[in-house]
Amino acid sequence: MGTPQRDVKVNYSEVQKDLLIEKHCAFLIGYGRSHNTYEYGATDYLRMSGIYWLCTCLDLLHSLKLIDQEHIIDYIQKCYDKNSGGYSPCPNHDPHLLYTLSAVQLLVQLNRTDLIDKQSLCSYIKQLQQDDGSFIGDQWGEIDTRFSFCAVACLKLIDSLDTIDIDRATNFIMSCLNFDGGFGCIPGAESHAGQIYCCLGFLSLVQRLDNLDLSTRNMLAWWLCERQLDKSGGLNGRPEKLPDVCYSWWVLASLKILGKIQWINREKLSKFILASQDDETGGCSDRPGNIPDPFHTLFGIAGLSLLNTYDENIIRKVNPVLCMPEYIIQKLEIKMQLL
Amino acid sequence: MKILAIFILHKEGDKKVKILQDEFNLESFGYFERRSVQPLLVFSARTVTERTALGTRQSVEADENANAMVHVYVRPDGLASVIVSDSEYPQRVAHTLLTKVMDDFTNSYPPSSWANIGEQTAKMASLSESIKKYQNPHEADPLMRLQKDLDDTKDILKSTLVNVLERGEKIDDLVARSSDLSFEAKAFYKTARKTNRCCTLF
Amino acid sequence: MSITNWSLISLLSSSIEQCKSIEFMPLTSTDEYKVYCCCEENIYLCLNILEIKPIVNLCYSFIFSKDYQQDNQLNISTRVLLCYITECLTSWNIRRRLLLSRIINIQEELQFLDILLNLKPKSEQLFRYRRWILKQEGIDKVSTNKELELCDRTAEKHFINYASWLHRRWIIQYLNVNIDEELERNRLWLENNLSDSSGYSFRAHLLSKKVLDENLIRNELNMNDNMLEFYYDRESLWIYRQTLIFLAMKFEMIDKKQLLNKELDSIKNIQENFFSNKYSRLLNTLLSSDGKQFRT
Chain A
1 MGTPQRDVKV NYSEVQKDLL IEKHCAFLIG YGRSHNTYEY GATDYLRMSG
51 IYWLCTCLDL LHSLKLIDQE HIIDYIQKCY DKNSGGYSPC PNHDPHLLYT
101 LSAVQLLVQL NRTDLIDKQS LCSYIKQLQQ DDGSFIGDQW GEIDTRFSFC
151 AVACLKLIDS LDTIDIDRAT NFIMSCLNFD GGFGCIPGAE SHAGQIYCCL
201 GFLSLVQRLD NLDLSTRNML AWWLCERQLD KSGGLNGRPE KLPDVCYSWW
251 VLASLKILGK IQWINREKLS KFILASQDDE TGGCSDRPGN IPDPFHTLFG
301 IAGLSLLNTY DENIIRKVNP VLCMPEYIIQ KLEIKMQLL
Chain B
1001 MKILAIFILH KEGDKKVKIL QDEFNLESFG YFERRSVQPL LVFSARTVTE
1051 RTALGTRQSV EADENANAMV HVYVRPDGLA SVIVSDSEYP QRVAHTLLTK
1101 VMDDFTNSYP PSSWANIGEQ TAKMASLSES IKKYQNPHEA DPLMRLQKDL
1151 DDTKDILKST LVNVLERGEK IDDLVARSSD LSFEAKAFYK TARKTNRCCT
1201 LF
Chain C
2001 MSITNWSLIS LLSSSIEQCK SIEFMPLTST DEYKVYCCCE ENIYLCLNIL
2051 EIKPIVNLCY SFIFSKDYQQ DNQLNISTRV LLCYITECLT SWNIRRRLLL
2101 SRIINIQEEL QFLDILLNLK PKSEQLFRYR RWILKQEGID KVSTNKELEL
2151 CDRTAEKHFI NYASWLHRRW IIQYLNVNID EELERNRLWL ENNLSDSSGY
2201 SFRAHLLSKK VLDENLIRNE LNMNDNMLEF YYDRESLWIY RQTLIFLAMK
2251 FEMIDKKQLL NKELDSIKNI QENFFSNKYS RLLNTLLSSD GKQFRT
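Protein chains in written order, with the working numbering: chain A, 1 to 339; chain B, 1001 to 1202; chain C, 2001 to 2296.
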């Protein structure tokens, strides 16, 4: 029967093997300009993150200078909500912690932290913390470990981590640890590679990775490297799901934090990411043959950066916790824990 | 996990395939969707049977994104059956059932009568029961145990529709030419191919 | 903004309100006019997948227009938009405000979500909004069966559906659900959905809520044995088995060595394959290192 694992077929003799840098840049820049396409209206609700994917990817490819940075800074300013202190994904939309992190990441990356009203940002994040240490994403929302990550990542970037109760926040994250070694979005929820990344990223930023004992670290790394599919070499986010380029980021970054990136077959994964490039339009898609978008393009390129497939002159080193170029993190002297 | 359709067909010549009877289970589809899905199932059952040699079994992936498998068994005597299931449905169970429905059919309609049955006019009652009963593959456990030792269902060729087609044939052309398919069904096929979904965690 | 545009959105909204099913399909017309939707018997509504863009842009232009901020207008424009763009949080928030000011009726809104879930069975925002409404209504008024049925339906519609199983965990936690009955429902569901790893993860979650003992784990392993007999090529069955072993290893009382050796013996009866090999490698590592070192 051969390998029965659920996977996609990739004909590796025919797919793209070279990194299409120029095409990716053109794709990303074009995406930012295409205001009249359907995607533009349809993706309004996450636009701030979209711009972050786009800019970070261009920066990793040494091409941030190709976009109109003033235009983006104007846009971010328009999305600032004075009442709450947070940012919305798009003008007129409601602010949310997810897009606040994207906005802060962008302002840091564009070297315009002077535009951040630190005090109101801190109080915005502080009032989202709940009694059990968890975070809600907005006034209506439920709690989610993703929001815990967003909160500490924002604060770390503006050097204000002591704004929140870190002990209780850490306790909440630890309460989401499952017996298979993974983390879910709330206590008891199914383990998911994206949520694992958020929880490990959180522990790394608050430098509390020691809360994970040796056998938990091993179990978790085992769970993560089981995400690599035997045939295609791509990674999935949960068992029996199809491989998807974005998990090259969530899974790899998690393994990097755990100091176990070598548990993955790196060559096979590189090939899978390269095969997911669209050689006509540029950009990466979730898996070979599908339609590309900026989200998968960033996480494909960032994955290749973690894998050290290319020299730093081609793809810049990425920070595994904040998914931003490492040179910026170094410049700001942001400390985090890696095992 | 489900069976979408069971067909009993008669392969009369190299490219001549007649559908004797069919049963569908399309509850999981919407009202409008069903109208396009049903003819597409008929089309794929016919296309695959036409391209399967006498005395062979295979399981064909209809489309990488479509989540449908076409299981076919053409008996040496020209009687054929097709089960279209989603890709979750166990392949071995599907093939066990193919054998069973043809045995049942031969009991109801002797080989001599096949040539005279009109397209989609056979009415063996047990076929509609089968499609209901075996939605749960565990119902087939007794059949599977029976067949376990003399197993010809273990190493069945897995293939894709592209591989089944003959040199020079293109699936899009076949769809465009097919008389099984309405204008709507053809449009549905095209958009189904174009839309791929993706995850957005953030 | 021309009046015809608003009447188009109003028409769509009232069709959505009245129908019992919504679908997205390509609708083609040989005539010159555009087809936006097709409604049959006032029950089945089909929205044209080829005309998404103009509708979405129209909805946005009304939602954020100064001239269309009356409660009933916002009710209409957000209802239509959410059928197309279900993850639009801001539109859900507008509906939250409308619900709090009683412009939107709770029961009617639950009905709307019910229909929309068939179309978007894995929408995170939709499930979050639904839980928010149920809390507004009061947890004691919620129909447990209705919510469980909805989970069954969405989990079947979309394989390995994180949002749906998360909703189910919420129901188990906040509504009065008997864990043993739920385990039995789960067993039957898994029979028809053999390789849904989320379903197994949920099962392990249910088990963890019980007083665990060796017998319970043994019964689960036996159930897993029966399924592996025919379906040894399903990864989720093996992962579930692995989870059971991890669960068992949590007990201080259990003789771990004996358990692992017994496992190694019992999988010899199953036809060897990719997963069984992986599994026995795991067992051997656990045996040799007491679970401390997985890989070198």
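It is possible that some hints are incorrect.
Said to hold, decoys possible - Capping the alpha-carbon separation at 16 angstroms, the derived lysine to aspartate or glutamate pairs in EDC-like fashion look like this:
#1 C/Lys2157 - B/Glu1088
#2 A/Lys268 - A/Glu70
#3 B/Lys1132 - B/Glu1033
#4 C/Lys2250 - A/Asp180
#5 B/Lys1132 - C/Glu2191
#6 C/Lys2278 - A/Glu226
#7 C/Lys2020 - B/Glu1033
#8 B/Lys1002 - C/Glu2041
#9 B/Lys1002 - C/Glu2087
#10 A/Lys118 - A/Asp180
#11 B/Lys1158 - A/Asp180
#12 B/Lys1002 - C/Asp2152
#13 B/Lys1002 - B/Asp1077
#14 B/Lys1133 - C/Glu2235
#15 C/Lys2278 - A/Asp230
#16 C/Lys2157 - B/Glu1129
#17 A/Lys9 - B/Glu1033
#18 C/Lys2250 - A/Asp7
#19 A/Lys231 - C/Glu2191
No wet-lab data here; the hints were simulated from the structure.
Against the structure, the hints:
Simply put, lysine 2157 of chain C and glutamate 1088 of chain B have alpha-carbon atoms about 13 angstroms apart, close enough for the 16 angstroms limit, and the pair holds. Distance check on the hinted pair: lysine 268 of chain A and glutamate 70 of chain A sit about 40 angstroms apart at the alpha-carbon level, beyond 16 angstroms; violated. For the given pair, lysine 1132 of chain B sits about 21 angstroms from glutamate 1033 of chain B by alpha-carbon distance, which is inconsistent with the 16 angstroms threshold. About 11 angstroms separates the Cα atoms of lysine 2250 of chain C and aspartate 180 of chain A, which keeps this hinted pair within 16 angstroms; it holds.
For the hint linking lysine 1132 of chain B to glutamate 2191 of chain C, the alpha-carbon distance of about 15 angstroms falls within 16 angstroms, and the restraint holds. With a C-alpha separation of about 10 angstroms, the suggested pair lysine 2278 of chain C and glutamate 226 of chain A falls inside the 16 angstroms cut-off, and the hint holds. For a cut-off of 16 angstroms, the pair hint linking lysine 2020 of chain C to glutamate 1033 of chain B stands: about 15 angstroms separates their Cα positions. Between lysine 1002 of chain B and glutamate 2041 of chain C the CA atoms are separated by roughly 29 angstroms; this puts the pair beyond 16 angstroms, and the hint is violated.
Taking the CA atoms of lysine 1002 of chain B and glutamate 2087 of chain C, the gap is about 29 angstroms. The hint is violated against a cut of 16 angstroms. Proposed proximity of lysine 118 of chain A and aspartate 180 of chain A is contradicted: the alpha carbons are some 39 angstroms apart, above 16 angstroms. Only pairs whose Cα atoms come within 16 angstroms are accepted, and lysine 1158 of chain B paired with aspartate 180 of chain A is rejected, the gap being roughly 34 angstroms. A C-alpha spacing of about 15 angstroms is found between lysine 1002 of chain B and aspartate 2152 of chain C, which places the hinted pair at or below 16 angstroms, so the restraint holds.
Taking the CA atoms of lysine 1002 of chain B and aspartate 1077 of chain B, the gap is about 29 angstroms. The hint is violated against a cut of 16 angstroms. For a cut-off of 16 angstroms, the pair hint linking lysine 1133 of chain B to glutamate 2235 of chain C is broken: about 25 angstroms separates their Cα positions. For the proposed pair lysine 2278 of chain C and aspartate 230 of chain A, the alpha carbon gap of about 12 angstroms is at most 16 angstroms, so the pair holds. Proposed proximity of lysine 2157 of chain C and glutamate 1129 of chain B is contradicted: the alpha carbons are some 23 angstroms apart, above 16 angstroms.
Between the alpha carbons of lysine 9 of chain A and glutamate 1033 of chain B the distance comes to roughly 28 angstroms, so the proposed pair goes past 16 angstroms and is violated. Taking the CA atoms of lysine 2250 of chain C and aspartate 7 of chain A, the gap is about 32 angstroms. The hint is violated against a cut of 16 angstroms. For the hint pairing lysine 231 of chain A with glutamate 2191 of chain C, the CA-to-CA distance comes to about 28 angstroms; that exceeds 16 angstroms, so the pair is violated.
Of the numbered hints stated above, those contradicted by the structure are hints 2, 3, 8, 9, 10, 11, 13, 14, 16, 17, 18, 19, listed in ascending order.
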